[in-house]
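Top to bottom, those sequences are chains A and B.
Note that the first sequence covers residues 1 to 319 in this note's numbering.
Note that the second sequence covers residues 1 to 757 in this note's numbering.
Calculated from the structure, these hints are not laboratory results.
One should not assume that every hint holds.
[Stated by the list, open to error] Residues from chain B that face chain A, not an exhaustive set, calculated with beta carbons under 8 Å: (1) E324; (2) R326; (3) N327; (4) S559; (5) A615; (6) S618; (7) A636; (8) K638; (9) D641; (10) L732; (11) G734.
Keep in mind that this is a model prediction, so the values were computed, not measured.
Each residue gets a CB set at the ideal place from its N, CA and C atoms; glycine is no exception.
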Amino acid sequence: MRRHNTRGLLLSLPIALLVTISLLWAGTAFADGVMLRPAALPSADRASLLTAVTKAKAADPAAFQMVAKLHVDVIELDAKKRGRLAAVTPALKAMRGRALFPILEQLALDGLPRGDRNGSAWLAWRLGLLEALGSIRDARSASVLSAILTGNETSYPLVRAAAQALGKLGSTQAASKLITMSRIQDKKTRGIIAGMGHCRRAMVASRLAEIMSGARSDADVELYARALGDVANSWAWQTPLIAQTGEHSPTRDMALDALLNAFVSQASTHARKMIAQAVLVVDHPATKQRINAKKSGRSRSTQAALDALAKRFDNSPLR
Amino acid sequence: MIRPTWTSIFALAAALGLFAHGCAGHHDAGFDEDNNRNESIDGIDDPNSTGSGGPSGSCTPGEVISCYTGAPETEGIGTCVPGGTTCLPDGSGYGPCDGEVLPSEERCATPGDDDCDGLTNEDGPDCSCTPGQTLDCYSGPPSTQNVGICQSGSQSCNQEGTGYGACVGEITPKAEDCATAADEDCDGQSPPCPDATIDLRADNNRNGTIDLSDPTEDLNEASWSANNGAVFLANIDDDQSSCPTSGTDSQLASCNDASDTSINGNDDLLDLAKLKTAPWPDAPNDAKGTLTVNNPGKTYVRIFKKSGSSYKEYTSGQAVSLSELRNGASFAIEGKDILRDVSKWDGYLTVSWNVNAGTGPNGPIGDGSDTVEMRLAPVLFRHHLHPIDTYYVTKFTNYSPSMVFRQDMTSAANAAGVTAHDLYEQDQWTQDFFETAYMAMPKSGGGQHVIHVNFRSANYTGGSLRTAGRSVFTDLRGKDVAGAVEYASNHADYMDSLNSFGNLETVPPYSYNGKSWPMGRVLRGSHPQYYPDPEFDKMIDAQGVQDVIEIDTSWLLVSHVDESVSFVKVNSPRGWAMMVNDAAMAKTMLQQQKNNGYGSTQMFVGKYWSNNAYAAVSISQVLNDPDVMNESAWAAVKIDDQVNVIKAATGITNSEIIDIPFLHYESSGYSLAYQPGTVNGIYMADKHFGSPDPHGPTINGQDIFKSQIKNVLLPHGITVHFIEDWDLYHRLSGEVHCGSNATRKVPSNDKWWESGL
Numbered sequence: 001m002r003r004h005n006t007r008g009l010l011l012s013l014p015i016a017l018l019v020t021i022s023l024l025w026a027g028t029a030f031a032d033g034v035m036l037r038p039a040a041l042p043s044a045d046r047a048s049l050l051t052a053v054t055k056a057k058a059a060d061p062a063a064f065q066m067v068a069k070l071h072v073d074v075i076e077l078d079a080k081k082r083g084r085l086a087a088v089t090p091a092l093k094a095m096r097g098r099a100l101f102p103i104l105e106q107l108a109l110d111g112l113p114r115g116d117r118n119g120s121a122w123l124a125w126r127l128g129l130l131e132a133l134g135s136i137r138d139a140r141s142a143s144v145l146s147a148i149l150t151g152n153e154t155s156y157p158l159v160r161a162a163a164q165a166l167g168k169l170g171s172t173q174a175a176s177k178l179i180t181m182s183r184i185q186d187k188k189t190r191g192i193i194a195g196m197g198h199c200r201r202a203m204v205a206s207r208l209a210e211i212m213s214g215a216r217s218d219a220d221v222e223l224y225a226r227a228l229g230d231v232a233n234s235w236a237w238q239t240p241l242i243a244q245t246g247e248h249s250p251t252r253d254m255a256l257d258a259l260l261n262a263f264v265s266q267a268s269t270h271a272r273k274m275i276a277q278a279v280l281v282v283d284h285p286a287t288k289q290r291i292n293a294k295k296s297g298r299s300r301s302t303q304a305a306l307d308a309l310a311k312r313f314d315n316s317p318l319r
Numbered sequence: 001m002i003r004p005t006w007t008s009i010f011a012l013a014a015a016l017g018l019f020a021h022g023c024a025g026h027h028d029a030g031f032d033e034d035n036n037r038n039e040s041i042d043g044i045d046d047p048n049s050t051g052s053g054g055p056s057g058s059c060t061p062g063e064v065i066s067c068y069t070g071a072p073e074t075e076g077i078g079t080c081v082p083g084g085t086t087c088l089p090d091g092s093g094y095g096p097c098d099g100e101v102l103p104s105e106e107r108c109a110t111p112g113d114d115d116c117d118g119l120t121n122e123d124g125p126d127c128s129c130t131p132g133q134t135l136d137c138y139s140g141p142p143s144t145q146n147v148g149i150c151q152s153g154s155q156s157c158n159q160e161g162t163g164y165g166a167c168v169g170e171i172t173p174k175a176e177d178c179a180t181a182a183d184e185d186c187d188g189q190s191p192p193c194p195d196a197t198i199d200l201r202a203d204n205n206r207n208g209t210i211d212l213s214d215p216t217e218d219l220n221e222a223s224w225s226a227n228n229g230a231v232f233l234a235n236i237d238d239d240q241s242s243c244p245t246s247g248t249d250s251q252l253a254s255c256n257d258a259s260d261t262s263i264n265g266n267d268d269l270l271d272l273a274k275l276k277t278a279p280w281p282d283a284p285n286d287a288k289g290t291l292t293v294n295n296p297g298k299t300y301v302r303i304f305k306k307s308g309s310s311y312k313e314y315t316s317g318q319a320v321s322l323s324e325l326r327n328g329a330s331f332a333i334e335g336k337d338i339l340r341d342v343s344k345w346d347g348y349l350t351v352s353w354n355v356n357a358g359t360g361p362n363g364p365i366g367d368g369s370d371t372v373e374m375r376l377a378p379v380l381f382r383h384h385l386h387p388i389d390t391y392y393v394t395k396f397t398n399y400s401p402s403m404v405f406r407q408d409m410t411s412a413a414n415a416a417g418v419t420a421h422d423l424y425e426q427d428q429w430t431q432d433f434f435e436t437a438y439m440a441m442p443k444s445g446g447g448q449h450v451i452h453v454n455f456r457s458a459n460y461t462g463g464s465l466r467t468a469g470r471s472v473f474t475d476l477r478g479k480d481v482a483g484a485v486e487y488a489s490n491h492a493d494y495m496d497s498l499n500s501f502g503n504l505e506t507v508p509p510y511s512y513n514g515k516s517w518p519m520g521r522v523l524r525g526s527h528p529q530y531y532p533d534p535e536f537d538k539m540i541d542a543q544g545v546q547d548v549i550e551i552d553t554s555w556l557l558v559s560h561v562d563e564s565v566s567f568v569k570v571n572s573p574r575g576w577a578m579m580v581n582d583a584a585m586a587k588t589m590l591q592q593q594k595n596n597g598y599g600s601t602q603m604f605v606g607k608y609w610s611n612n613a614y615a616a617v618s619i620s621q622v623l624n625d626p627d628v629m630n631e632s633a634w635a636a637v638k639i640d641d642q643v644n645v646i647k648a649a650t651g652i653t654n655s656e657i658i659d660i661p662f663l664h665y666e667s668s669g670y671s672l673a674y675q676p677g678t679v680n681g682i683y684m685a686d687k688h689f690g691s692p693d694p695h696g697p698t699i700n701g702q703d704i705f706k707s708q709i710k711n712v713l714l715p716h717g718i719t720v721h722f723i724e725d726w727d728l729y730h731r732l733s734g735e736v737h738c739g740s741n742a743t744r745k746v747p748s749n750d751k752w753w754e755s756g757l
């Protein structure tokens, strides 16, 4: 019979009390995160996040202030933006790991209010938070990102950014989550697919290959080719962080095959152009060989298109 | 000719005993003095006559026999016919010869042969000619007979011989017709028509003047071509700066020198193309001249007629005064607007001078008309082979990033010899909210008369146009400087970034595949699902000179062509080269430095983001950043596609491409220049390029990216001036080019009308 360790229990009481108080506080004093209500997080995750945020805030208040400043700045950044949206991501990304808890706080615990930020400013702010979080690649963000994807947010760019951020964690859990969600046909599906290419795992490449085989339109092909290009991106795989996964070959092999299969099955010029771009981004050393293998039994026009692709590969802008 | 009377004939016949059948008794009875019928010619009609002319001797009473008392050779000839005589009741003889017709005096008044000599109307007291006889005849003045078209006719004697019939076939003098070569009035001369001078002159030979005596001004004037044809401008500048600088967008846009019906001073008059009619001093009083223009161009132009020393609006088809017809009339023409939609009007205008010539001293003078074809000058977007005249930046007073930026711009501009024009708008994207262009027509002396055209951007979002674009009307418009705007209010807001003019560059002039683009071609970012305002592009197409080349910029956050390409003048057969962002080169350069042991060397040193986050990052950190590497690889491929499109359109080769290295990163799902994008600078003049300061890693005292761009442009004689734009532009997704603009000089010898387009 197992005996309770009274001492341990006693020691844990204050902590439990603190957590309980914190959770109560979270449910009352804390506002919602900009992407998630705190209650949407599993309680343990919420508690640990709250604790971590509290600690971080104490340890590096300047980091929180920098995020808060950017929240203020985003109004001006949006007003002065050149292009579709204000670029919030680089300012947050430049903070590197210091931005982790300030961002998580914004996303899931106590996001600064929208105030008078217009639609594009508010979207830029939330996208920036998600993209910067993804760039940090810290596993402690998994719970929040997973909850965001499971939640009610269906906006394509936000779902894409969240899926991308989760995928960048590179974990099997993250990959599985994305694959599972990619099988659900709803408003989030395309955002999930668009982001999951940043999860550079063989299982993701396999799922993306499967998705590509079912492409029904140029828009589908463009989206899926981009994801396959991301998952097998030659330059990304040259970075130590990605290379260390050890799934270099299967991931890139599957992606290349999926792209070349799509290239011969998709007749539209635009679709082939998008696929060709992805093939170049993958920059797989076996590309020429596999292109030649695809020529057998193909129509003249397809063979000519494959030849052109091979020629383009020879002159790849990546090399 | 003796024409015997019947009395005498009878007397003679009686005396000669010619009446063999008792005609003597008849004769006796006929001259019965009691009957007193001497007025009768021969008494044969006398019913009381005893018929002394009938057969004598016994006969069967009542018997009727033929009788004829005239000369036997006349019986049955002409009108002479025998009669009948009846045997008397007592059988003693025959009575008078009834019904005979004896010869009478020949008379032309009667149709027959009266004297029964076998000839009709051959003679007689009232006869004048012989029937059938013909004579030459001519009723015109004798001096004109058989001169010119005049000729004799003939007339025939009528059957009665009483005279001649009408003169047939004669041609007598008519009024002289100057339109024919014939001598209609038969005076021995065939003068041409009096000169009805019908000659309309425009600047067909494109020397900037109207030359009435120069035949090249007339040559092929009815058809505009690369070789000839007059040009006119859309007179949409504001020479007297009389347009308001406040008001609604539409009020600002609608005011210009063509919006009224007056010519606003001498400067305004210079903006109009002139037309003249040649003098016709001898124009008859009833002659009339009108100037007309064809449809649909008529709607888009305004004509003025010179009256005294001023010009007044003239309505097409209105008659000029006789004095103007005689002395020559002067006109001036303006386009009311630039070309916007070629389906409504292609810019070609047919102008006709129509003369109803009236009647001269020698009769009517031939009418006629003279036609010239003119063309509205297209609006041309500027390319980098034209040196900058003035550059523009938005000035933010007392804002340090703006001051730093402007200071560096000034240094570059001073070196290039160009002047600045500060704009005071709350919009720092000076490249985006307006675009400079120009129109030109021939100028006296061989140059070009230019109206600069500043387009307000078609940025229309949330129901309104971009505010700073108003500056084309409120600040820049003036003498020979126009403002214009073209946009579609229903174009989707999410595509609006494409309407900023960082997304409009001009590929310099080139020829390729047998076709020439002497004024270059517009380059725009466009994608089937993400494209600029179609109305604006339609307007570009309507100019017919700089057809748009489209490249895909949809993958870029800002989506502008100036983020990846630019053009510089070089000494090569083409005359220009294309600077292109090359992410692979940037990666390679950084990798080389890392391999050389400089992996820890930082770039972006001393630079901060708006939240005060320090931007500095080491070479190794950059190369090890999967996100930067991922996005940079995509950028390399996407830009390669852009280049391939431009290659296909222009024939430019790799040897004519100048690689400019910088990486990309992802923001909001799209791509942005990671370093300040050094391709995105301002080409000040042939020898000066203003580049963003790349803030690259400094190794051995040299910023490797600064060195690179300096080294690649140096062989072309181009000095690079580095301009600090991190705070003002780079961290807001833009660079030097985005924050500047330029009006470029229009070389006098670079004439669009000689382009053949």
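Comparing the hints with the structure gives:
1. E324: 58 Å, violated
2. R326: 64 Å, violated
3. N327: 61 Å, violated
4. S559: Since the shortest Cβ distance to chain A is 6 Å, the answer is holds.
5. A615: Holds - the Cβ of B:A615 comes within 8 Å of chain A, reaching about 5 Å at its closest.
6. S618: Not OK, violated: B:S618 not within 8 Å of chain A, min 12 Å.
7. A636: 4 Å, holds
8. K638: Since chain A brings a Cβ to about 7 Å from B:K638, closer than 8 Å, the hint holds.
9. D641: The hint holds - B:D641 has a Cβ within 8 Å of chain A, the shortest such distance being about 7 Å.
10. L732: 5 Å, holds
11. G734: 4 Å, holds
Hint compliance for this structure: hints 1, 2, 3 and 6 are not met, and every other hint is.
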